Amino acid sequence: MNQPERNSLRRHITRRGALRVLAGSGAAAAVALTAGCGSKDERTTLRWWSPQASPDQLKAYKAQIAAFEAANPTIRVVFEATSDEGYPAQFATAFAARQLPNLVTHLPSFAAQQYYAEGLLEPVDDVIKAIGIDRYFAGANEVYRTSDKHYCATGIGNTAADMLWYRKDLLAAAGITAPPATWDELRSAAQKMQRDGIYGAALPYGMNAMTSLIFIGFIHRAGGQVFSPDLQVAIDSQPTYDALAFFQSMREFCPTGASNFSWGESLTAFVSGSTATGIYSGRVLANVAAQNPAIADAIGCTTYPTMSRDIPAWTYNDFPCLLIPKGAPHLAETKAFAASLYQPQLYAQQMHAAPGHVLPVLRAVADDGFYRANPLITRYAAEVDLMTKAATAGHNLGQETAAHKPNLKANEIIASNAIAELVQRVVLNKENPKAAVAATAVRLAELMRA
Amino acid sequence: MPDAAAARPPGAGALERRDALLGMALIAPTILVLGAVIVYPLLSAIYLSFFSIYTPTLEGHFVGLANYRDLLGSGGFWSALVTTAIWTVGTLTLQILVGVGMALLLHQNILFRSLARGLVLFPYFLSTVVAVLVWRWLFNDLYGILNQMLMNAGIIAAPVNWLGAMPNAMLSIMVVGAWKFFPFVVIAVLARLQTIPESLYEAARIDGAGPVSRFFDVTLPQLRDVLTIVILLRTVWDFKEFDLIYLMTGGGPVNGTRTLPLIVYNQAFGLNQMGMAAAYAVSMMLVMLVFMLAYLRRANARSEADSAA
Chain A
3 MNQPERNSLR RHITRRGALR VLAGSGAAAA VALTAGCGSK DERTTLRWWS
53 PQASPDQLKA YKAQIAAFEA ANPTIRVVFE ATSDEGYPAQ FATAFAARQL
103 PNLVTHLPSF AAQQYYAEGL LEPVDDVIKA IGIDRYFAGA NEVYRTSDKH
153 YCATGIGNTA ADMLWYRKDL LAAAGITAPP ATWDELRSAA QKMQRDGIYG
203 AALPYGMNAM TSLIFIGFIH RAGGQVFSPD LQVAIDSQPT YDALAFFQSM
253 REFCPTGASN FSWGESLTAF VSGSTATGIY SGRVLANVAA QNPAIADAIG
303 CTTYPTMSRD IPAWTYNDFP CLLIPKGAPH LAETKAFAAS LYQPQLYAQQ
353 MHAAPGHVLP VLRAVADDGF YRANPLITRY AAEVDLMTKA ATAGHNLGQE
403 TAAHKPNLKA NEIIASNAIA ELVQRVVLNK ENPKAAVAAT AVRLAELMRA
Chain B
3 MPDAAAARPP GAGALERRDA LLGMALIAPT ILVLGAVIVY PLLSAIYLSF
53 FSIYTPTLEG HFVGLANYRD LLGSGGFWSA LVTTAIWTVG TLTLQILVGV
103 GMALLLHQNI LFRSLARGLV LFPYFLSTVV AVLVWRWLFN DLYGILNQML
153 MNAGIIAAPV NWLGAMPNAM LSIMVVGAWK FFPFVVIAVL ARLQTIPESL
203 YEAARIDGAG PVSRFFDVTL PQLRDVLTIV ILLRTVWDFK EFDLIYLMTG
253 GGPVNGTRTL PLIVYNQAFG LNQMGMAAAY AVSMMLVMLV FMLAYLRRAN
303 ARSEADSAA
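These protein sequences, in sequence, are chains A and B. Going by my numbering, the first residue of the first sequence is number 3, and it counts up by one from there. Going by my numbering, the first residue of the second sequence is number 3, and it counts up by one from there.
Certain hints may be false.
Claimed, not checked - Facing chain A, according to a computed beta carbon distance under 10 Å, are these residues of chain B, among others: (1) 114; (2) 160; (3) 251; (4) 256; (5) 274.
Claimed, not checked - Residues of chain B clear of chain A, computed beta-carbon distances all greater than 10 Å: (6) 32; (7) 59; (8) 79; (9) 103; (10) 117; (11) 124; (12) 144; (13) 162; (14) 200; (15) 295; (16) 299; (17) 304.
These are calculated hints, taken from the structure and not from any lab test. Quick caveat, the model's predicted, so the values are computed rather than measured. Glycine included, each C-beta is placed from N, C-alpha and C at the ideal position.
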C-alpha cells in the first residue's frame with residue numbers, strides 16, 4: 003500500500019467512525035444477548051450437591067435425574083460436586099449468601115444434626131414417609147432423629163469407612179493363617195509383612211479430618227469414648243492413652259508420608275500394593291479392579307481389630323445422608339425428587355457406581371438380585387455383606403454409641419482438627435501423651451461451649 | 003498591584019465551577035468502585051470483628067474487644083505470626099535470588115531466549131491447585147520422583163518425609179512458593195535490566211571491573227528501586243498466601259506451617275466463628291499496613307525525586 007492509499011484509508015477510518023462501529027457492535031451484542039435470555043430454559047431448576055462424584059457415580063446420578071425429569075417435564079435438576087474436606091466452607095458461604103442448593107446428599111449425619119439445630123434444614127419426615135420407613139434397615143433413620151421428634155435427614159447410603167483391608171497372599175507368606183483380630187496381632191502381622199517396598203499399614207497421621215475420624219474409632223476400640231453419653235468430655239482416659247500408644251507403635255510400619263495422609267493417599271497406598279493392609283471403605287474394591295487387578299484375588303477385609311478380644315468392634319459410619327436446606331425454593335418439587343432417588347432399580351444403580359463403598363440403606367435393595375448381580379458385589383459377596391452389617395451397626399462422633407445424645411458440635415470438632423493435632427503431637431512430636439490429651443480435653447470443652 | 007479577582011475575565015468563576023463539577027463527575031465512578039471493593043469490605047471486616055457471629059446465618063451479638071483480647075491472649079496467634087514471618091522471609095528470599103538470577107540469564111544473548119522468556123512465566127500462570135497437585139506427587143514418598151532420584155543417586159537411603167515432618171514441610175512449601183512466584187521478579191527485573199545504559203558497563207570494563215564487580219557496582223544499584231518495590235509487593239502477597247500452604251500441608255505437621263490466613267479460614271468456615279476470623283484478618287491487616295506504609299513512603303519519595311528531576 004503506497005502513501006496516498008494509506009492517507010486515504012486514514013481519512014476513511016476516523017476515531018469517531020470507529021467509535022460508531024464499536025457502539026453499533028455493542029448494541030447488536032446486547033440485542034443478541036437479550037434474545038438469548040428470552041429463549042432460556044423456562045423449567046424449574048433444582049440444584050443437587052454431593053461430595054460423592056466419581057465418574058461412575060455421576061453417570062448414575064444422571065440416570066436418576068433423567069428419569070425424574072422425564073416424569074416431571076417442568077423441572078430440571080442440576081448436579082454440582084462439592085468436596086469431603088471442603089463442604090463446611092461451601093455450606094457456610096451458601097447459607098450466608100442465601101444461595102442454597104435444593105438438595106444435598108452424602109454429607110455425614112453429624113453435619114445434618116448441626117445444621118438442623120441451627121435452623122438451617124427442613125425436616126424430611128415427608129420424604130421418609132414417601133419412601134416408606136419400613137423399606138429401610140431397622141433403625142436406619144434413628145441417627146437423624148432430632149430433639150423435636152423430626153428427622154433432619156435420611157440415609158442415602160451406609161459406609162463402613164474403617165475396615166481393615168489385607169492382602170491374603172502376604173499374610174500367607176508371613177505364615178499368618180487368619181486376619182488379625184487384636185492390636186497385638188495386627189502389629190505383629192504388619193511387622194512380618196513389611197519388607198522392601200511394602201509397608202505393613204496405611205494409617206493416617208495427617209492434620210486433617212481423616213485422622214480425627216479414624217482415631218476416634220481407635221479410642222472406642224480400646225474401650226473408651228470421646229464424650230460421655232450426656233456429652234461431657236471423656237477423652238482424658240486410659241483407653242485414649244492406649245490408642246495413642248498403638249498409633250505410635252504402628253508408625254514405623256506405615257509409609258514415611260503417612261504423616262500427611264488423608265483419604266486419597268491412604269486408599270492409594272493399599273490399592274497400589276505399597277502397603278500390606280489398609281484402612282478404608284469398600285471403595286477399595288472398585289479401585290483395585292480398575293487400577294491394580296493383579297491383587298484383586300488376594301484382598302479381603304474385616305472389621306478393624308480392637309485392643310483385646312473382649313472389646314467389641316466399632317465401625318466408623320459417617321451415615322451419608324440426604325438433607326434439604328431451609329429457604330431453598332421449590333420445596334415440594336425437591337421432596338418429590340428426593341423420594342425419587344430411592345426408586346429401587348435406580349437406587350441400586352447408584353450403589354453400583356461405588357460398589358461396596360456406598361452401601362444400601364434399603365433392606366429390599368440390599369437383598370435384591372439386581373443389586374447383588376453387580377460383578378464386584380458378586381465377587382466380594384462376603385466382604386460386602388460384612389461391611390453392610392458393620393455399617394448398619396456403625397457410629398460416628400455425632401452419636402458415639404446408641405446410648406449417646408446427638409453431638410451437635412461434632413462437625414466443628416472435626417473441622418477444628420483438635421483430635422488430629424493430638425495424634426500429631428504425640429506420634430510425630432513425641433510429646434507427653436498425658437499433657438497432650440489434657441490439652442485436647444480443654445480444647446474440646448471450649449468447642450462444646452462455643 | 004491589580005486586584006486578582008478584578009483581573010479575571012467575566013464568567014471565569016462559572017467556568018471553574020463547571021470544571022470542578024466535571025472533575026467530580028469524572029472521578030466519581032472511580033471513588034464508587036474503590037469504595038465498593040476496598041472501603042466497604044475493610045469497614046465491614048472491622049465491624050464484624052467486634053461481634054460473635056455464626057457464619058452460616060451471619061447472626062450474632064456484640065462482644066466489643068473480646069475477640070481481640072482472646073486472640074492476643076492465645077498462643078496460637080503469636081505462634082502463627084512467627085510461622086507466617088518465617089514463611090514470608092524464606093520464600094521471598096528464594097524468589098528474589100532465583101528471580102534475579104533468571105532475569106540476568108535471560109538478559110544474555112542465549113539460544114532460544116524468546117522461548118525461554120515465555121516459558122519462565124509458566125509457573126506464575128499455572129493454577130495453584132494444579133501446581134500443588136504436581137508438587138505433592140513429586141514429594142510423595144511412595145511414588146514421587148524426587149525421593150526416587152535421590153535414592154538412585156545414593157544420596158538418601160530411605161524416602162524423605164518432605165511434607166509430614168519439620169523443618170522439611172516448611173522448606174518444601176518455601177521452595178514451591180518460590181517456584182510459583184519467582185516469575186514476577188523475573189518480569190520486573192528483566193524490564194529494568196533492559197533499560198540500564200550499556201555505557202555504564204563499558205565504563206566499568208575500561209576501569210577494569212570484572213563480571214562480579216560489574217554486577218555489584220553497576221547492575222545491583224540500578225536494580226535497587228525496582229527490587230524495593232518488588233520486595234514490598236511480594237512481602238504483602240506472601241504474607242497473606244493461603245491456598246498454596248493450605249493445599250500443601252493443611253498447616254501441619256502439628257502447627258508447623260499454620261500461618262495466619264489458615265487460621266482465618268478455619269475460624270470462619272471450620273468453626274463458623276466469623277467475628278473471630280474478622281479479628282484475625284484485621285490483625286493481619288495491621289501488620290501488613292506497616293509494609294503498605296513503607297511502600298507508599300517509597301512511592302512518594304520516588305514521585306518527589308522524579309518531580310525534582
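Verification of the supplied hints:
At about 34 Å, the closest approach between the beta carbon of residue 114 of chain B and any beta carbon in chain A exceeds 10 Å, and the interface hint on this residue is violated. Below 10 Å, beta-carbon pairs count as interface contacts, and residue 160 of chain B has one with chain A at about 7 Å; its hint therefore holds. Nearest Cβ of chain A to the Cβ of residue 251 of chain B: about 7 Å, under the 10 Å cut. The hint holds. At about 5 Å, the closest approach between the beta carbon of residue 256 of chain B and any beta carbon in chain A falls short of 10 Å, and the interface hint on this residue holds.
For residue 274 of chain B, the interface hint holds, since its Cβ comes within 10 Å of a Cβ in chain A; the closest pair sits about 6 Å apart. With a cut of 10 Å on Cβ distances, residue 32 of chain B stays outside the contact zone with chain A, its closest approach being about 22 Å. For residue 59 of chain B, the shortest C-beta to C-beta distance to chain A comes to about 7 Å, within the 10 Å cut-off, and the non-interface label is violated. Look at residue 79 of chain B: its CB is around 15 Å from the nearest CB on chain A, clear of 10 Å, so calling it non-interface holds up.
The Cβ of residue 103 of chain B lies farther than 10 Å from every Cβ of chain A, with a closest approach of about 31 Å, so its non-interface assignment holds. For residue 117 of chain B, the condition that its CB be more than 10 Å from all CB atoms of chain A holds, with the nearest at approximately 33 Å. Its beta-carbon lying about 26 Å from the closest one in chain A, residue 124 of chain B satisfies the requirement of being farther than 10 Å from that chain. The beta carbon of residue 144 of chain B sits about 5 Å from the closest Cβ of chain A, which is not more than 10 Å, so the claim that it is off the interface is violated.
Some Cβ of chain A comes within 10 Å of the Cβ of residue 162 of chain B; the nearest lies about 7 Å off, and the non-interface call is violated. With a closest Cβ-Cβ approach of about 35 Å to chain A, residue 200 of chain B is found to remain outside the 10 Å limit, as its non-interface label requires. The non-interface label for residue 295 of chain B is consistent with chain A: the shortest C-beta to C-beta separation is roughly 32 Å, beyond 10 Å. Every Cβ of chain A is farther than 10 Å from the Cβ of residue 299 of chain B; the closest lies at roughly 37 Å, confirming the non-interface assignment.
Chain A leaves residue 304 of chain B outside its interface by the beta-carbon criterion, the shortest separation being 34 Å against a cut-off of 10 Å.
Going down the numbered hints, you'll see the structure goes against 1, 7, 12, 13, while the others check out.
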